[in-house]
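All chains, full assembly: derive it from the sequences and hints.
Number of protein chains: 2
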Amino acid sequence: MNPSTSALLTDLYQLTMVQAYLDREMEEEAVFEFFVRRLPPNRQFLIAAGLEQVLAFLSDLHVTSEELSWLEQTGRFSPKLLRYLETLRFTGGVDAMPEGTLFFPNEPILRVVAPIPLAQLVETRIMNLLNFQTLIASKAVRSVLVAGGKPIIDFGLRRAHGAEAGLLAARASYLAGFAGTATVLAGMEYGIPIYGTMAHSFVQAHKDETTAFEHFAHAQPDNVVLLIDTYDTEAAAHRVVALAPELKKKGIPVKGVRLDSGDLADHARKVRRILDEGGLREAQILASGNLDEYRLQALVGTGAPIDSFAVGTAMTTSSDAPSLDCAYKLQEYAGRPCRKRSEGKATWPGRKQVYRQYSDNRHLGHDVVTTLNDPQTGEPLLQPVMKAGHCISPSPALPEIRHQVQVQLTQLPDQLRRLEAGAPYEVQISQALQSLAERVDQCV
Amino acid sequence: MNPSTSALLTDLYQLTMVQAYLDREMEEEAVFEFFVRRLPPNRQFLIAAGLEQVLAFLSDLHVTSEELSWLEQTGRFSPKLLRYLETLRFTGGVDAMPEGTLFFPNEPILRVVAPIPLAQLVETRIMNLLNFQTLIASKAVRSVLVAGGKPIIDFGLRRAHGAEAGLLAARASYLAGFAGTATVLAGMEYGIPIYGTMAHSFVQAHKDETTAFEHFAHAQPDNVVLLIDTYDTEAAAHRVVALAPELKKKGIPVKGVRLDSGDLADHARKVRRILDEGGLREAQILASGNLDEYRLQALVGTGAPIDSFAVGTAMTTSSDAPSLDCAYKLQEYAGRPCRKRSEGKATWPGRKQVYRQYSDNRHLGHDVVTTLNDPQTGEPLLQPVMKAGHCISPSPALPEIRHQVQVQLTQLPDQLRRLEAGAPYEVQISQALQSLAERVDQCV
Numbered sequence: 037m038n039p040s041t042s043a044l045l046t047d048l049y050q051l052t053m054v055q056a057y058l059d060r061e062m063e064e065e066a067v068f069e070f071f072v073r074r075l076p077p078n079r080q081f082l083i084a085a086g087l088e089q090v091l092a093f094l095s096d097l098h099v100t101s102e103e104l105s106w107l108e109q110t111g112r113f114s115p116k117l118l119r120y121l122e123t124l125r126f127t128g129g130v131d132a133m134p135e136g137t138l139f140f141p142n143e144p145i146l147r148v149v150a151p152i153p154l155a156q157l158v159e160t161r162i163m164n165l166l167n168f169q170t171l172i173a174s175k176a177v178r179s180v181l182v183a184g185g186k187p188i189i190d191f192g193l194r195r196a197h198g199a200e201a202g203l204l205a206a207r208a209s210y211l212a213g214f215a216g217t218a219t220v221l222a223g224m225e226y227g228i229p230i231y232g233t234m235a236h237s238f239v240q241a242h243k244d245e246t247t248a249f250e251h252f253a254h255a256q257p258d259n260v261v262l263l264i265d266t267y268d269t270e271a272a273a274h275r276v277v278a279l280a281p282e283l284k285k286k287g288i289p290v291k292g293v294r295l296d297s298g299d300l301a302d303h304a305r306k307v308r309r310i311l312d313e314g315g316l317r318e319a320q321i322l323a324s325g326n327l328d329e330y331r332l333q334a335l336v337g338t339g340a341p342i343d344s345f346a347v348g349t350a351m352t353t354s355s356d357a358p359s360l361d362c363a364y365k366l367q368e369y370a371g372r373p374c375r376k377r378s379e380g381k382a383t384w385p386g387r388k389q390v391y392r393q394y395s396d397n398r399h400l401g402h403d404v405v406t407t408l409n410d411p412q413t414g415e416p417l418l419q420p421v422m423k424a425g426h427c428i429s430p431s432p433a434l435p436e437i438r439h440q441v442q443v444q445l446t447q448l449p450d451q452l453r454r455l456e457a458g459a460p461y462e463v464q465i466s467q468a469l470q471s472l473a474e475r476v477d478q479c480v
Numbered sequence: 037m038n039p040s041t042s043a044l045l046t047d048l049y050q051l052t053m054v055q056a057y058l059d060r061e062m063e064e065e066a067v068f069e070f071f072v073r074r075l076p077p078n079r080q081f082l083i084a085a086g087l088e089q090v091l092a093f094l095s096d097l098h099v100t101s102e103e104l105s106w107l108e109q110t111g112r113f114s115p116k117l118l119r120y121l122e123t124l125r126f127t128g129g130v131d132a133m134p135e136g137t138l139f140f141p142n143e144p145i146l147r148v149v150a151p152i153p154l155a156q157l158v159e160t161r162i163m164n165l166l167n168f169q170t171l172i173a174s175k176a177v178r179s180v181l182v183a184g185g186k187p188i189i190d191f192g193l194r195r196a197h198g199a200e201a202g203l204l205a206a207r208a209s210y211l212a213g214f215a216g217t218a219t220v221l222a223g224m225e226y227g228i229p230i231y232g233t234m235a236h237s238f239v240q241a242h243k244d245e246t247t248a249f250e251h252f253a254h255a256q257p258d259n260v261v262l263l264i265d266t267y268d269t270e271a272a273a274h275r276v277v278a279l280a281p282e283l284k285k286k287g288i289p290v291k292g293v294r295l296d297s298g299d300l301a302d303h304a305r306k307v308r309r310i311l312d313e314g315g316l317r318e319a320q321i322l323a324s325g326n327l328d329e330y331r332l333q334a335l336v337g338t339g340a341p342i343d344s345f346a347v348g349t350a351m352t353t354s355s356d357a358p359s360l361d362c363a364y365k366l367q368e369y370a371g372r373p374c375r376k377r378s379e380g381k382a383t384w385p386g387r388k389q390v391y392r393q394y395s396d397n398r399h400l401g402h403d404v405v406t407t408l409n410d411p412q413t414g415e416p417l418l419q420p421v422m423k424a425g426h427c428i429s430p431s432p433a434l435p436e437i438r439h440q441v442q443v444q445l446t447q448l449p450d451q452l453r454r455l456e457a458g459a460p461y462e463v464q465i466s467q468a469l470q471s472l473a474e475r476v477d478q479c480v
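As they're listed, the protein sequences go chains B and Z. According to the working numbering, the first sequence is numbered sequentially starting from 37. According to the working numbering, the second sequence is numbered sequentially starting from 37.
Read the hints as simulated data drawn from the structure, not as lab findings. A portion of the hints provided could be inaccurate.
Remember, identical chains collapse to one label, so a pair may be satisfied in a single copy or spanning two.
Cross-link-like lysine to any residue pairs, in silico, SDA-like; alpha carbons within 25 Å at most [as the list claims (entries may be wrong)]:
1. Lys286 x Asp244
2. Lys423 x Ala363
3. Lys243 x Ala363
4. Lys285 x Arg73
Dropping the structure here:
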């Protein structure tokens, strides 16, 4: 069983609603849009991510015979629903912002247009995929913004929320500008550069640190990054210096050391001095251990001689904001725009487009959210990506998405680059959209 | 590709370390233990969960030919490592606390004993599985403790961190005492009761609420729970009352209504009155919408007439503490106990047992963590579960684990049942273990 591809990875109410729709032959065209209602605390913008996985999910949508048998034996579902699921394929259309697009509250990043049973059925997994990768990319980019160009590596798999979270967090953080990941499978699946050296256990398993370092260096002569905080960080740095000449004779350079505990800035300074005085000026210092964007900013701010960082749990769980206030809402059915008006959860009706306007041809100025038939100046952000169940073109390559994120970061106004939230970016709701909402409310 | 079963869902350093071990023919017996260093804020105890998935992972451990080819073509790995991976099987032993056991910091809940390359290689996925389910079970039980016996349902899949997180959160929350889940696949895979009715979109897609309710009732005559907050909650409750007699004539009872927004206690009181006055005394009220254990406690405390709750994002992401400070540490190699002494991250060495002592034969009194060869009074919590790569017995059935959790909750001292942290539960480190740590430190 692969939960990532099962059509039953969905909420039961999707099936009960589809059953009710089929009973009434309600199969007209529905329009759903996915958007974020408001930013989490400590976020000034979000990065759209997960579209490639959504399109793969839609392209592959089917119910297996085993799943169908199980549904049948529950006795909960009508023969009509079971027949519908037996031949289930996604035949609808999708418009979306390209992955890697910076976006803001109330801006749809994805629209599904399909017969209502189908558009409804795919809600849960679409939300599950877009919420997570967007969440992680939007967290990871904050580390990228404060690292001053120093490479950051994803070390988060062990505390990611399950297998898929670990794998997709590697993808989302790379997309946001991380240099790579420790997760081997992300290398195989997505071509993301993989990094890794040794754990404390490796040092502990040897009778002394020097022997551990020596064994590792011979086993990985091109990748000698030595973990030096198992017992005493500075003492270990001296051991590295003492060992280096012998390794050098064998053509093995010490590429670097890793610090994983204590006052990282202080250790980095002391270790840098020890390495420099020991002739290891080329050896780099990698820092890890409970890092997040705030600690990165502080470390970079103090000028600590750290060359690269590994960020794990805080990024991979988006620890300060582990979910988005996102929604996938019905905006139109059978040609009739609609919206919910639940307290605190009202949404803008109809099919929408988002236009981005640049203040000086270079920096993001403001966005306008409007109805699809109300063209505005600026760059329209949603584009068709799937028609009649088929992708219009292959998804962009991950390095290309990553590059586009970096381009947009250079277009961010200064106040949006900071970790602390300032004045929010302006998202205008157009007159056309406001009028539509009023008309919709009068009709109910 | 199924990330849940791939042996490459691991950190690169596991492979580099294994390569180094194989180079030196270091394949003696290693002992690793998994434990939590300290409780997250707002947690007074944890619930061990995820063992069944760990045992399944170990039983199935293998590298596919496709994975092997990819590893080979990276050029990073020695032929010796590739040959080792080609025939990789888990042949070690595992001791563990049964799933559902309440536990505390510094108490190992799992021990792996295997040749060091093997015991090292499985680290990442073991941590990934135990961290997540333990995290979720320990969060979910807090809602169970304050709900006063009212059923709670998991609605969290859409904002869970990916596919596996959604599926396993359903399992972990059920294990902790939830009544069921909306996630269909969790019904199929784990036999967990599934619940679900309708979304706001269902109401919106109809020309009016009454028609939507009527259609749903006919499609799901045994499951008529109607969502009444799409437009105006009390108005919708009156519509339910007006529709009920006609449904009753057809033998369709209104089982309940769901509230999903606004002041839930206030709406519940008003809706209860409308339903009662309309002759729907049997109809239940289900509340959902951004609930967590604090809101549940407040709702239950005010005596709001809510019969059951759905809890989603806060539980499925463990939003206030989305990770555990957990570790899988080498405690012994080749018969030699060891520990790391990194600042703030020192661990207790050697193979350990945890003894639980009851204060009055009924309530948890304190625990003692000691070496394996130092028997204490009380109940030993770790038991052998796998020998030579084979499970000793089938994993307990999920309802049985769930029952054991409920038994232990009755044994909790009052102060540990509260949401707010009080005096911590006493975990003694035995004299034998302290002496061992001293001896180990003198040897390094």
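Which of the numbered hints are not met once you compare them with the structure shown? 4
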